[in-house]
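Since the structure of chain A is already known, use the hints to place chain B with the ligand on it.
For reference, the chains in residue letters:
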Amino acid sequence: MKDQWIMGIETSCDETAVAIIKNGREIAANVVASQIESHKRFGGVVPEIASRHHVEQMTIVIEEALKEANITIPELDAIAVTEGPGLVGALLIGVNAAKALAFAHNIPLVPVHHIAGHIYANRLVTELTFPLLSLVVSGGHTELVYMKEQGHFEVIGETRDDAAGEAYDKVARTLKLPYPGGPHIDRLAQDGSDTLKLPRAWLEEGSYDFSFSGLKSAVINTVHNAEQRGEIIAPEDLAASFQESVIEVLVKKTLNATAEYKVKQVLLAGGVAANKGLRKALEEAFAHTPEIELVIPPINLCTDNAAMIGAAGSIMFDKGIRADLTLNANPGLDIELYN
Amino acid sequence: MTILAIDTSNYPLGVALIEENQVLGEYITNLKKNHSVRIMPAIQTLMKDCERVPAQLTKVVVAKGPGSYTGVRIGVTIAKTMAWSLKVPLVGVSSLEIMAAGAGRYFDGYISPLIDARRGQVYTGLYEYQSGELTVVKEDRLVLSADWSVALKEVKKPILFVGNDLPLHRTMLEGTLGSQAVFAEITEHNPRPSELALLGKGKPGEDIHSFVPNYIRLAEAEAKWLEANGKILNG
Ligand SMILES: [Zn+2]
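Chains A and B, in that order, give the protein sequences.
Using my numbering, the first residue of the first sequence is number -9, and each one after it goes up by one.
Using my numbering, the first residue of the second sequence is number 1084, and each one after it goes up by one.
FYI, nobody ran anything at the bench for these hints, they're computed from the structure.
This one's a predicted model, so the numbers in the text were calculated from it and none came from an experiment.
Note that beta-carbon positions come from the ideal geometry of N, C-alpha and C, so glycine has one too.
One or more hints might be untrue.
Stated by the list, open to error - Counterexamples of contact, computed for chain A against chain B with all Cβ distances above 12 angstroms:
#1 PHE93
#2 GLU148
#3 ALA275
#4 GLU283
#5 VAL285
Unchecked claim - Cross-link-like lysine-lysine pairs, in silico, BS3-like; alpha carbons within 30 angstroms at most:
#6 B/LYS1307 with A/LYS160
#7 A/LYS12 with B/LYS1286
#8 B/LYS1307 with A/LYS309
Here chain A stands alone, though its shape is the one from the complex (with noise of 0.2 angstroms):
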């Protein structure tokens, strides 16, 4: 059979990322620009600025994909863009620029959704088994995504409030670490030790949906009451209890859920998969469960990339999913919507 090659455009947010996939699950190339050093010091992403970085990086990341893949724009079978979520004005760039290619070379456009990239990033690691769960957890993102087959995906669990990854941020400027928070905290967390005793959101009885917001708060409150007792918490320790309470609700909740959906597979995805602590407590929660297969993504493919967007850009190829050239950006896309 024909190898299939699919180039995928990623520029959610603040990496402008081209790869070049084959066979759905192959990496030929895979080419990020990361501009955290120019976010740094807003800390945070700024959109006009990570806009004005695509347009700079665009082309270059593009050909730099097709040297690394040594392939050819003529021999590619389909390019599979980010449609949404996120930066809007971000996401506009990789849009345009995979319009622009796909007209000029006459080559099918796919549309796809960030977080069915990011769930696919595992499809690069090991084949997908249906059922099976997956837990997005993400600077904008916390949801637990059900599958049932190949490019079919229902959200059973969402944050109702912050993403998990927000409230990292957020609780990192609190303890004034530098940006971006997360994984500071979880490697200050590895010394420290859960002496707080955090809320955990649980939410309704049977409900998957996340809630950060509190949590964040409880933060606030118990730096600013013992500041006010002239008391000093260990940074380490109010790491270690925001992290325990974030994690044990994530991990408590997916257990459920796999119970639930009788799934036989558990796939981690998104940027705060990377954390050292979710990584252990997921593979210890999974250690007694051996007809469940956890997957856990290398770093690199946990964080945004187009690796991802070109692997499930080969699935919605394979299921008859096109875009024409009025595509468009979608900051609030529905990953349900291509189903």
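Showing chain B with the ligand alone in chain A's frame:
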């Protein structure tokens, strides 16, 4: 020679195809609608109607701003990607220069194209046709229209103002400049994409990878950061 011109830098959306000595076709709208949805289909339709395919293009010309940050990035991204992937030269042209080129060709005096930039400010510059060549007299800039009109009083020549945003600044300009100020008719205000193509025809290709829009302004966060950190702003 087949040149494709693309302009999404402000509300007017424009596409043109020109060949050696003729304009094959052009498309303009002046609507507050989404350029990202409409520009590629406009390019596709125009090329199809003109029976041209992308592989026949020999140059891509794009309006590089000033204008809407998001708008100008859409056109520039498409132009960069097409030019680079089709291995043809890319040329960027000032969005103000396009306006001056069309409206002022047979005008005896200076031409000041205007784009409103809010809070009494305009993006503008000063152009003049000298023996059939459009030349820059004062570089594109961001300026208070009040200050601009005072500066123009010194130049002692009639000045043709052009741009869809003229109504916002007309009283001010007329008040300062009196009969020195001439105002273009509404049919001249939309930048003509065929003028963009023609301007690009005569200019050398840019380095495609490093080509960026001319925003004129720093990103707001950047400007604030520089100010807060005691850095000097020049512009
Ligand atoms: Zn992401």
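- List in ascending order the numbers of the hints, as given earlier, that are violated by the structure. 1, 7, 8
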